[in-house]
Amino acid sequence: MSIIMGLIDFILHIDEHLVEIIQKFGGWSYAVLFAIIFIETGIVIMPFLPGDSLLFASGALAAIGAFNIVSLLIFFVSGAIIGDTVNYHIGKKVGMSIPEDSFIGKYINRDRMAVAQRFFNKYGGFTIVIARFMPFVRTFIPFVAGASRMNYSYFLFYNVVGAFLWVFICTLLGYFFGNIPIVKENFTTVLLLIIFISVLPAIIGVFRARRKK
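Note that the sequence shown covers residues 1 to 213 in UniProt numbering.
To be clear, the hints were calculated from the coordinates, so they are not data collected in a lab.
One or more hints might be untrue.
[Said to hold, decoys possible] Here are the simulated DSS-like pairs of lysine-lysine, each with C-alpha atoms no more than 25 Å apart in a straight line:
hint	residue 1	residue 2
1	Lys122	Lys92
2	Lys24	Lys184
3	Lys122	Lys93
[Said to hold, decoys possible] Simulated DEER-style distance windows between Cβ atoms:
hint	residue 1	residue 2	range
4	Glu20	Glu185	17 to 25 Å
5	Ala35	Val94	20 to 28 Å
6	Ile197	Glu16	18 to 26 Å
7	Val70	Phe126	26 to 34 Å
8	Gly26	Gly124	38 to 46 Å
9	Tyr152	Thr189	15 to 23 Å
Here the structure is a predicted model, which is why all the values come from computation and not from measurement.
All C-beta atoms in this analysis are idealised placements derived from N, C-alpha and C, irrespective of residue type, glycine included.
From just these sequences and the hints, can you work out the full model?
Take a look at the structure:
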């Protein structure tokens, strides 16, 4: 429970925690941010790390000189592309037949995996782009693509396109709007709104699926 509460605090006060990371790690802060994005997108049992909110908050800090915006974009895009690539190969290696009592099986949310597979079956390769803007689902989609033996070149194209769109849109929104007084004063509310908008397509997808059943 303390881990969950700590994670929630990190997400809701991510701007403050980023300042702490900068103070502690200095130039290595880019590597820390790269690692968070890589793990969030690349490790199928770690979908709960901040993604959209991290990009937005980092962009806002870049606008006041805490980060170099070009370096930030490079590290984020690299982390997103490499993360999805690793996730794809994990899925290709172990497939969808992971026993629920196995180490990985214990940490995989079957319901979210099912949502990811429905999206993948419906939208094909474009799902990889759409899923970038959907917390939790974006962690499972590359895994599903690998398990489904999607052609890697085909996957890589959508992986790169999705990474660039996701990183540039979320980070530059923070860069240009994150320090506007009304946004800065209501930063937590803005982050919650970003998260809600991000998960909305997944909620709608689940609702439609249940209605069909």
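Cross-check of the supplied hints:
The hinted pair formed by lysine 122 and lysine 92 meets the criterion: a straight-line CA distance of about 20 Å does not exceed 25 Å. A threshold of 25 Å between alpha carbons decides the hint, and for lysine 24 with lysine 184 the separation of about 23 Å falls inside it, so the pair holds. Straight-line distance between C-alpha atoms of lysine 122 and lysine 93 comes to about 23 Å, which keeps the hinted pair within the 25 Å bound. With their beta carbons about 20 Å apart, glutamate 20 and glutamate 185 fall inside the hinted range of 17 to 25 Å.
Against the hinted window of 20 to 28 Å, the Cβ-Cβ separation of alanine 35 and valine 94 comes to about 23 Å, which satisfies the hint. At about 23 Å, the beta-carbon gap between isoleucine 197 and glutamate 16 stays in the expected band of 18 to 26 Å. Checked against the given bound of 26 to 34 Å, the beta carbons of valine 70 and phenylalanine 126, roughly 28 Å apart, stay inside it. Under the hint 38 to 46 Å, the C-beta atoms of glycine 26 and glycine 124, about 43 Å apart, fit the expected range.
Our hint of 15 to 23 Å for tyrosine 152 and threonine 189 is violated, since their Cβ atoms are close to 41 Å apart.
Violated hints amount to a single one, hint 9; each of the other numbered hints is respected by the structure.
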